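Given these sequences and hints, build the entire structure.
2 protein chains.
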Amino acid sequence: MYRVSTSVDQRLLSAADLAGMDGQQVVVHGMIQRIRKLGWGAFIVIRRQDGLLQCVIGRDGNEELIDGLAEEQSIQVTGMVKKAKIKDKSINPGSVEIQVEGIEVVSVPAELTPIDLSKKILDLHIDTNLDLRPLSLRHPVERARLKISEAFARAFADFLRDQGFTEIRTPKIGVAGAEGGANIFTVDYFGKPAYLAQSPQFYKQMGVGIYERVFEVGPVFRAEPHQTSRHINEYTSLDFEMGFVKDHTEIMLMETALLKYCLDYVQKVCAPELALLEADMPVIEDDIPVVTLAEAHEIAGQVTGKDYSSEPDLEPEEERALCTYSSENWNSDFVFVTHFPTEKRPFYTKDDPANPGTTLSFDLLFRGLEITTGGQRINDYQEQIDKMASMGLNPEDFSSYLQAHKYGLPPHGGLAIGLERITARLLGVENIRLTTMFPRDIKRLTP
Amino acid sequence: MYRVSTSVDQRLLSAADLAGMDGQQVVVHGMIQRIRKLGWGAFIVIRRQDGLLQCVIGRDGNEELIDGLAEEQSIQVTGMVKKAKIKDKSINPGSVEIQVEGIEVVSVPAELTPIDLSKKILDLHIDTNLDLRPLSLRHPVERARLKISEAFARAFADFLRDQGFTEIRTPKIGVAGAEGGANIFTVDYFGKPAYLAQSPQFYKQMGVGIYERVFEVGPVFRAEPHQTSRHINEYTSLDFEMGFVKDHTEIMLMETALLKYCLDYVQKVCAPELALLEADMPVIEDDIPVVTLAEAHEIAGQVTGKDYSSEPDLEPEEERALCTYSSENWNSDFVFVTHFPTEKRPFYTKDDPANPGTTLSFDLLFRGLEITTGGQRINDYQEQIDKMASMGLNPEDFSSYLQAHKYGLPPHGGLAIGLERITARLLGVENIRLTTMFPRDIKRLTP
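Residue numbers (the numbering used here), protein chains in the order written: chain A, 1 to 447; chain B, 1 to 447.
A hint or two may mislead.
Just so you know, same-sequence chains aren't split out, so a pair can sit in one copy or run between any two.
[Stated by the list, open to error] Quick list of in silico lysine to aspartate or glutamate cross-link-like pairs, EDC-like style, CA-CA up to 20 Å:
| # | residue 1 | residue 2 |
| --- | --- | --- |
| 1 | K89 | E278 |
| 2 | K387 | E111 |
| 3 | K192 | D60 |
| 4 | K192 | D131 |
| 5 | K246 | E285 |
| 6 | K85 | D397 |
| 7 | K192 | D441 |
| 8 | K268 | D162 |
| 9 | K306 | D188 |
| 10 | K120 | E142 |
| 11 | K82 | E311 |
| 12 | K87 | E396 |
| 13 | K268 | D158 |
| 14 | K37 | E101 |
| 15 | K246 | E104 |
| 16 | K119 | E71 |
I should point out that these hints are in silico values taken from the structure, not numbers from a laboratory.
Just so it is clear, the structure is predicted and the values come from calculations on it, not from any experiment.
Next up, the structure:
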């Protein structure tokens, strides 16, 4: 028997640490992102946990070492931190470099990579990028996108905890789909059919009866057969649900404050990544404009010259038109649309008593794309039973879910934000596969 | 069009807020956990986001109101915060109560609950507890268990971020199982067979090549057909993987510091819940003892009088015996066991060059149960190919995973902790279903 101590410090020197260590000797490690060999020596840029670090080595006495170095080798560098002015935005920190005193090669790849990871932009065909994801993600631009996505998700959780929300983890295998329809994956569960969760909706509502305010960050699964730039079949849903609301507008209020917090947080902690990506971050000044679906149709019609007044939903073309209008006229990249018709919203959506046929629901559009769906839910047992019946559903199929309503639930509502979608819109990335670590679509199950 | 503002404060008054508001008028809401009607009035205990709050109402002029109140109604209470000494540990804060001035009933249940949520302990048969999970979780003891689980998961993430780890989200649907064997669920993926992830192992290792240090908190799926108190078929795996390690002991070092942090954090933020549950929290003073599997067999043999020396793995009986020994002799509820044999560990496990036939792997046992499996992984491409071949696996079946090795990976390792298991052991809960919000097992897919 021996003992393993808690007291050994395994914390890595961060980019910020190094920026403040001019003149100090350090030992750092990383994988070689790129190497430029010149007459006098070489620039070696290594990839570390929080960015790229530039190391400079002289040739004298190091000829053999330098000749042997190549991309994607793992190395340990001993050297002196020295002030430098590095313009390349992929390097973090840009204010210091390492004057190399010694390099130990820790591991070498079996083959050179088939793609050039030293290029400023990795302009691969998207299928190549995704086929080679374990490599393409080693590129600074690709890494930066996911770092921003993670910062956003973290801010979501931090903000909500501070507002009294409890994080929950709900099952991804179950017996029924919350969102209905055919877009549901079947699992063989010990010989019985089961389904992958399309959303944590039922469990969030049960959670309101338990903790009043709950949130979840987790995967959801949609068996949608279409192959578009804004759909993937497994994505990360940022969900919350809160009790004791007056109506859907309180959910929108919470989301507005939440988004403002998340955007501020991302700008604070991901400054190097945002600079590298030249991201045009939106600003939420004090508020977000809200229109009803009927108003949205009218405005979209003004932009495109078409008549949408009889449409039951917002078409992608309308989403883009309304966002253009909002940006130009209301100075907002975000716009809420409320009061979708009853038949276009799931059975748990609360109808608007003041506007029969419409619901107390909303979408949030951002730069031309729907990134949130939310609204007030039905909390009364009989009202929910009646609405299920009117939609041709059998309440007995939902008996475990309906326990929550039967034994009491306060008025409540919530929403879901698609993490990959909002990240893509924030960064101006056209295809949400590129803001997903390992995307899944109808044609892709690997890597 | 109107605008929804960011500036409205929707933050709820917390228990800590109320404790400091003696003499102030407040408006709070919640669901009635229990009500005791007496000659002079009533005690009404409401369930809020962070615990139970006691409200006191006089009968004079309130007869009708009090008569109408019942458990699981949602109410809004206006009243005065007043100092009180409440012994009931389920109430938080125990230092104040609300002198009711007015009550508005916001919603009422359709039926009274079939179980008594006002009891101190909810002594239900486990199947009844789980069948009625949306209700049973409304009991303070059940709520408290999951609050502690969430605090632990949050601490896991916070600690690792501070150590330079990047959070990742990896696909739960894929083409192959990381852990092999038959315990894998099949999904119908657009007519093709796919599988639910048994662990994020492959993706974590790819992540090391990208971010050097990565972690994930997410669901994993094991189609194990046994129905025991320590197995569920969908659970939360706390995973990390780190590059540039010397060997498996650096992973154990990281885990030791991590666990110390998590335990401290839970004690800090969940004091009311721990008091309610009368939890006997373990203390990690400075270190955790480590034994090899051979030593573990010997010690377990001393305790039970049996000979385990030819066993290739640790049996549950041995795990309990070793933990008893560790607690009594080494003053530690935790004990690491290292050097499991090659044939008992997955193909990605690194063999110990100094002890052929054994691996640089470990389990962490805690109070009689394995709660972590970890170790160093193979980072060299050819070594991994050779080991796969020696285990009868075809490397071509893993070609997208092996990109990471082929194009370079530093020496690395990691581990996985089962969240439900460690929470159960922390709280002395016999069945991990009771530290799971909505458990899944061979017989249970609902609620």
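Taking the hints in turn, this is what the structure says about them:
no., hint, verdict
1, K89 with E278, "within (10 Å within a copy, 54 Å between copies)"
2, K387 with E111, "between (61 Å within a copy, 19 Å between copies)"
3, K192 with D60, "neither (70 Å within a copy, 59 Å between copies)"
4, K192 with D131, "between (34 Å within a copy, 19 Å between copies)"
5, K246 with E285, "neither (25 Å within a copy, 50 Å between copies)"
6, K85 with D397, "neither (66 Å within a copy, 47 Å between copies)"
7, K192 with D441, "between (25 Å within a copy, 12 Å between copies)"
8, K268 with D162, "both (18 Å within a copy, 16 Å between copies)"
9, K306 with D188, "neither (47 Å within a copy, 41 Å between copies)"
10, K120 with E142, "within (11 Å within a copy, 53 Å between copies)"
11, K82 with E311, "neither (63 Å within a copy, 56 Å between copies)"
12, K87 with E396, "neither (65 Å within a copy, 43 Å between copies)"
13, K268 with D158, "both (14 Å within a copy, 17 Å between copies)"
14, K37 with E101, "within (17 Å within a copy, 80 Å between copies)"
15, K246 with E104, "between (64 Å within a copy, 14 Å between copies)"
16, K119 with E71, "within (12 Å within a copy, 65 Å between copies)"
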